[in-house]
Amino acid sequence: MTQRHPPLADVHAAAGASTTTFGGWEMPVEFDSIRTEHTAVRESVGIFDVSHMSEIEVTGPDSTELTNRLTTNNVAALAVGEAHYACITREDGVILDDTVIYRLTDHQDHPAYLVIPNAGHDTQFTEWCQTHRDEWGLEAHVANTTAQWAMFAVQGPDSPQALTAVADESVTELAGFEHTTADIAGVECIVARTGYTGEDGFEILCPTKAAESVWASFECPACGLGARDTLRIEMGYLLSGQDFDPETQSRTPYEAGVGFTVDLETEFVGRDALADQYETGINQQFVGITMLERGVPREGYAVVDSDGHQLGELTSGTMSPTLNEGIGLGYLETEHTTPGEHLEVVVRGNHKQAAVTDLPFVSK
Amino acid sequence: MSFDVPDDRRYLESHEWTTTDAEAVRIGITEFAQDELGDVVFVELPAVGDEIHAEEAFGVVESIKAVSDLYAPVSGEVTAVNDALFDQPELVNDDPFGDGWMLEVDPRDDDLESLLSAAEYREQIA
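Just so you know, the protein sequences line up as chains A and B, in that order. For the first sequence, our numbering begins at 1 and goes up steadily by one. For the second sequence, our numbering begins at 1 and goes up steadily by one.
These aren't lab readings, by the way, just hints derived from the structure by calculation. Glycine residues also receive a C-beta, built at the ideal position from the N, C-alpha and C atoms. Hints are not guaranteed to be accurate.
[Unchecked claim] For each label pair, taking beta carbons as the anchor points, the in silico distance ranges come out as:
(1) A/S217 x B/S14: 37 to 47 angstroms
(2) A/P207 x B/E123: 39 to 49 angstroms
(3) A/T36 x B/V48: 44 to 54 angstroms
(4) B/V48 x A/S217: 50 to 60 angstroms
The following block holds chain A by itself, in its conformation from the complex (with noise of 0.2 angstroms):
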């Protein structure tokens, strides 16, 4: 695979910042410390590149029909100028990706959305939706546009402080999921009520021509996908590939406990499989874990019982910053999955106590 590269890759090079390759993407990993940038997040506000996420704009008189046939929430619901959270889904309910559709001004009369799924997806996903449009002889536009976007996100309780001090006021006003258009550093962006930290923060996508002036408009901290990492793992949010993959960790959104995406009101790939699921019940479900002694887990570790059975295994982990604990999430079977119970984490073949935590580890 060819390495892709952000927009700005120059620019952080020159700040300093270690990089690493998430779904062929080289981004910034850490600028200054993963600890320091994450606090920034916590306690006042950051800001991420994250051109790696995907887009994909879907228009045309059957837009709304393609986007809910593939995606397990509600596309009909959506109102211009608001986005939903969503699983894309196969025909057995496995999660292929999960994403965010921004329902945008509606285009040549009919609804236009932003399909938002991760890095190193746009393709597939493109395919995936022409594919299915075929099939079902619908008529609409799909436009990979990943090329043509930069996407930051600016994170923190000081974050409306950050926009207002580059865009019109009103941005604030705007709601959790909701997105409108703003003028910054003279540019027109995208910019919406969304991210992936646990805190108040906006994420702006700019025309990629666009990219180095308003990034450089922005005046707080810039931070990597390291604290990106620690902080959805604070807040319990899945990550693509990871905690749930088609290939290496396949389940479904009931079991990674994303199931209020699912709406089986409404027609889709993987409905039928997620409706059975719905009435039978799950084996394992998605949880977090603390550890009670010192140590670090990590994807990959075994969690077991006192005897040593093995009850479930770790998808992601890492110390916490913000509790200073060892923190993971991971799938157990269902009857061990009441916060406070007991367990062990495998950690190099040491078995380390750990108990059941309900999430978010940091409550907002």
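Put chain B on the given structure of chain A with help from the hints.
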């Protein structure tokens, strides 16, 4: 960025340092290593009385983003462990050649000459 590499130590390519005392050497990781790791949050070390073996893993250092093995520059018996790191692993970041030391070892052989000199290690990380 230029990193401190004290002349009075010997180094492994894997970024551990050792002092060169004849009786009890002190072992830790370099400033370059802690910078690569980022915020150190956990250290797993052997106990006093354990044997460690040159160029074999003797422990683990974890930062927020990564888990790394620690390799022994010398063979010998562990005579002291820096317990402060269990509660303050960030000492490894703050003072890698001083308060962030990890073990003291009674070296079995005088094999320090085979390790990298400060000049050689500086060249490696340049």
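**OP:** May I ask which of the numbered hints given earlier this structure violates, with the numbers listed in increasing order?
**Re:** Structure breaks hint 3 only.
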